[in-house]
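Note that the protein sequences, when read in sequence, are chains R and Z.
Per our numbering: the first sequence = residues 1 to 418.
Per our numbering: the second sequence = residues 1001 to 1418.
Bear in mind the hints are in silico, worked out from the structure with no lab data behind them.
Keep in mind it's a predicted model, so treat the numbers as computed, not measured.
Misleading hints may appear alongside valid ones.
Stated by the list, open to error - Simulated crosslink set (DSSO-like; lysine-lysine; CA at most 27 Å straight-line):
(1) Lys243/R / Lys314/R
(2) Lys1314/Z / Lys243/R
(3) Lys1243/Z / Lys1314/Z
(4) Lys314/R / Lys1314/Z
2 protein chains.
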Amino acid sequence: MTETPETRAARAVDETRLWDRLMTMASYGALANGGVNRQALSPEDVAARRRMKRWADARGFQVTTDGIGNLFVRRPGSDPEAAPVMTGSHMDSQPTGGKFDGIYGVLAGLEALCALEDAGVATRRPIEVVAWTNEEGSRFRPGVMGSSVFAGRLALDDALGVADGDGITVASALAEVRAAETDIPVRDMGGPVASYIEAHIEQGPVLEAAGKTVGVVTGIQGIRWFDVEVTGREDHAGTTPLKTRKDALKAATGIVTALGRALADPDDVVRFTVGRFEAFPGAPSTVPGRVVFTIDLRHPDGATIERLSAAIAKTSVVEAAGCEVAVRETMNAAPTIFPDEMVATVRRHAEALEISHLELPSGAGHDAMNMHGLCPTGMVFIPCENGISHNEAEAATPGDCAAGARVLTACLTDLANR
Amino acid sequence: MTETPETRAARAVDETRLWDRLMTMASYGALANGGVNRQALSPEDVAARRRMKRWADARGFQVTTDGIGNLFVRRPGSDPEAAPVMTGSHMDSQPTGGKFDGIYGVLAGLEALCALEDAGVATRRPIEVVAWTNEEGSRFRPGVMGSSVFAGRLALDDALGVADGDGITVASALAEVRAAETDIPVRDMGGPVASYIEAHIEQGPVLEAAGKTVGVVTGIQGIRWFDVEVTGREDHAGTTPLKTRKDALKAATGIVTALGRALADPDDVVRFTVGRFEAFPGAPSTVPGRVVFTIDLRHPDGATIERLSAAIAKTSVVEAAGCEVAVRETMNAAPTIFPDEMVATVRRHAEALEISHLELPSGAGHDAMNMHGLCPTGMVFIPCENGISHNEAEAATPGDCAAGARVLTACLTDLANR
């Protein structure tokens, strides 16, 4: 391995320190079965933020926040005029979440700053670790809220007005957070960013199945949601001959089966999911007169999503079997394609560090989607056990966590010297 | 048409009288949209029973009841020792029921007695019209309760102990009915019956589609219920490749589609219905880990039902697509095959009366199932509009109602002289 500032900083990543910090953070909102419930702007979230502040203070990093509660930890660069390179993710979790989703990217970023300190490597640009507010969207909808406001894609006032299930607004919850953080200065919203790179667990099984340690993320796949409503006619299950029925369930199951064939992908890149499926009236001896089901369609390529969406609409009608079929699009998020140079940067440093790697798109959405519109953006994935996420059973190994942090550290060192 | 006692009595059936009585009964529990809600042993049911008593009194028929509240109207025969021929059906309705289900058979029976009176036709055996208690099973489960107790298939005490959704028992509801019927003697339960013949709306579209006025019912098809549980694994819809999923919904829809093929019947006699279908957890972006659905299978032939049930179990497992599949039988009622001579009797009198007819099995269950174990039993169907039943929109024509009553009257006259 050639000695460079990047490899020197990366080798200073401390596997034990990173793992211990992950386990410490997992104690804020810990669930009995090993999972974590740390909702955005909750007391558990505040506790995690206080811990982050103390770790940053111990190394002399500057901690700031902004109007939506994004938390920044900054290691200065040698050029006081240079825009920062940013990294990070989120500290909030799903209600029955795990120990790694989000928090891994924040602590891997902090580990990078500590490794740079320990290795005595200076950078021209400052590096900032950010913990974006409310990525999950479990308590306050929509998710990726903090990065949306930072990137100017969501108005601050609109975000502050959002209420949770108990009627508590983001503004009100944020006021309580601020009261616990009088030692953290509030900075202006947004600002120039040189580049952004986010570390995250894969939340899928691809890396594990391929036996690779790091994922070089090429982008975030596009997502479309559809509601399909099939309307037939309720009939008596005993007396009505099958030929005279308009059986909404028979039609709907036929549509789902046909869609599975129409969207079949030998490369296994298409993600097609029917997650909700309801039949009415739902009595064993009544032929269902109405079925409603959802389609979640994802693909990294925009043109492919367009083509598959058209196939969904067509197949649903062709397979209607005498029923009425209505297909309604309820969400449409275009694919994110990270710049070649950011993808190449991650790949290059994984290679230099002799860490096995694989290029793949992200199946899930991330704050990086918002940063992509603002500056050159990339992501680094590490494997998670059995691909399980959004689940108390979510797991990653200390070695993989450290390997991802090493690649991240090398990338940040590189980007902060451009 | 040859003049016989049967045709003479049948011609005395009064279409207007029968229709007016149907409309009068429909007023007890009338719903705003034309339907009827007359639950078993409710105040509406009591009102209908009082009306029945007055009509019977007006013609000098004897009215009795028994320990489960079955209501009997008897026209004596010439032989005081002879067991009665019975006819009838039920007066209770579904909560959102129609004007004809059940009550038609009771009033067609009463019309037969009146026609015999009007025509001056005596019979050797007495003829009894019965209104069986709680056929629908909507308020008190199980249904066909009164005929089950009469036929000795359900212990009286077990039936009396059944409670409705408000905790009111059959015994308690029956005590209130009895308080309104101090003028109706209580007779012993059961007793010898020479034969039983029940008139009913078809509750299906077969007669209407064939343009026939009367259905010569060959039996009541067997019914089996199954619960099918498909267990896979919950996964993230965005991150999990389709090849690594255990998608319970994909498996379940594939099973339903395959079952449709496996049970396909060119003669359209098989009744196969998936009425309830639930996917868990039911979130659009989560691959369902569990699906539960019901199967309602009916056929008039016992051996065929056995064969189809085996096919259901086999196909469900073959199409499991990597999931676990459990098939559990939750109901098994064998087919009822009416004796040839009873079927021939109905057919013969329909022919003699020059009323168009068709042989068909009953798709729905009836009190006749219980009487079948006790004495030679048959049924007469009339068409209902679009095959709709258990629905406020249930409809039949005055002409068809009268035609069915004519065939019934001829059959009763014939049977009561054997």
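For each hint, the structure was consulted:
1. Lys243/R / Lys314/R: holds, 24 Å
2. Lys1314/Z / Lys243/R: holds, 24 Å
3. Lys1243/Z / Lys1314/Z: Holds, at about 24 Å.
4. Lys314/R / Lys1314/Z: Cα-Cα ~33 Å, so violated.
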